[in-house]
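Q: These are the residues of each chain, in order.
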Amino acid sequence: MRPTVIRFLKNRIARGANASQSLALGTLEFELMEILWSRGESSVRDVVPKLSRPLAYTTIMTTLDRLFKKGLLDRHKSDRAFVYLPHLSRQQWERTRAENLVAGFLSGPHPSRDLLLSCLLDAVGEHDATLLDDLEKKIRSRRKELSRQGQP
Amino acid sequence: MILPYLLRLLCLCFASFFVLNVVAGLFVRISCKSAIRFAESRTPIAAARFLLGLRMLPFALAVLFVLGLCVPSYLWLEPAANSERVGVLCALLGLLCAVTCSISIMRTALSLLASRRYNRHCRLAGQETHMPGESSPVVLVENEAPLLAMSGLLRPRLLISRGVLRALSAEELDAALRHEHAHRTSRDNAKRLLILLTPDIFPFVRPLRSLESTWSKFAEWAADDLATTGDSSRAVSLAAALVQVARIGARPRLPFLSTSLLACDRDLSARVDRLLQTAPIAFAVSKPARHGLRTAGFLLAGGFAVLLLAPSTLSVVHKLLELLLH
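Sequences listed follow chains S and G, in order. Per my numbering, the first sequence runs over residues 26 to 177. Per my numbering, the second sequence runs over residues 3 to 328.
Isolated chain S, as found in the complex:
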């Protein structure tokens, strides 16, 4: 089998196995993704001036290459340089990350699964309690109004 095919297959297998890991981004990776999400198709040369701090051309090239290997970017060659574009939209990335996080918790040992579920239930419960408190306040004030009008 040709080495390029082997590399491709290795990449694919690695992507599937480390799907949740690959979605976690470092600071620079996230900044680069933000630039690509806002700009769309960009080369390394396009990205460098958009960064918040000056960084070497090669550093950006390596990081973009890493993002491509993680499956977060697609790329094609244009005039001997690679042009990168996001594989997922920001919304898709956030959604997948959240799904992976929850799935990771749920597939974990019982204590972590229970912890996640109880946190979610607490959040929903708090929201409901606030709504019910508001409704109760309205009922109390309506009762007062009715008693002022002479109704029981």
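Hints should not be assumed to be uniformly reliable.
Ranges of calculated distance between the beta carbons of each label pair, as one might list FRET restraints [what the hints assert, rightly or not]: (1) A123(S) <-> R44(G): 40 to 48 Å; (2) R44(G) <-> D71(S): 42 to 50 Å; (3) E66(S) <-> R31(G): 54 to 62 Å; (4) A123(S) <-> L325(G): 38 to 46 Å; (5) D71(S) <-> P254(G): 57 to 65 Å.
Just so you know, the hints here were simulated from the structure itself, not pulled from any lab data. These numbers come from a predicted model, not from an experiment. Backbone N, C-alpha and C define an ideal beta-carbon position, used for all residues, glycine too.
The hints should help you fit chain G onto chain S, whose structure is shown.
A: Just chain G now, with coordinates in the frame of chain S:
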């Protein structure tokens, strides 16, 4: 496919039912949003009736057409002796109709079974008791779930949990029980059964679901109005009962053929706000409106009878059936 006389009639009935149900159903689906907007401008009782009528309309029209026009025209004008070839399209439409109807029958049977099983479970888990002001026995379930529901079809039973009984004051309980009685008087569980029985437009697709959920919302609002009968203090008690029951916790999963005090959590805020309105909403359809509806019904039935009795109508329908058959 060559079929004998009666099987051909059956195939034609199924195929024409499917076509009419699809046409009328799509018309209802397209006008769904406007219909809901119109319903929102009416009283909840009128809105619930209107939406239920609209949900039933495709089925009713299709049945009326098949039984009133297709069958008589076929029996009258089709020669009985010969066997005829039935087109693939006709057979396919007939098959689709059979599948759609089987799904709705299956759905209904499963819901009836679930309802029966749930009632039996509640009776076993609790005890039958009599409550003041209640003519029929009430099933008191010994748990803390927020359960206050009317379940069953022919003899709906009131199911109430110990937790709800403890959480509500006498006035709140009275208002909540009135709400459930309003469901019983309106025969909402029977209407739910009717909705389940009504075939969908296509198999496995329920495009009129939004109409059904809006009907369900208005049925709850109508029960609220019937329970309070324009009495402001009773309306406040019912609002308080709703909040108290919601506070107990997540409501239990009830079978489709049952009505509950807290039917939908999302609607809670809107229901409480309605009940706390300063001017209570009129809770009954006015007599002129009812009279108008009855007159429209009679006119429609009369028009259909005239259409049915005209011989030319039957021959036109027969020609259409021949077209469909081949």
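Q: If a hint holds in the structure, say so; if it doesn't, say that too.
A: Checked hints:
| no. | hint | in the structure |
| --- | --- | --- |
| 1 | A123(S) <-> R44(G): 40 to 48 Å | holds, 42 Å |
| 2 | R44(G) <-> D71(S): 42 to 50 Å | violated, 60 Å |
| 3 | E66(S) <-> R31(G): 54 to 62 Å | violated, 42 Å |
| 4 | A123(S) <-> L325(G): 38 to 46 Å | violated, 56 Å |
| 5 | D71(S) <-> P254(G): 57 to 65 Å | holds, 58 Å |
Checked against the numbered hints above, the structure violates hints 2, 3 and 4; every other hint is satisfied.
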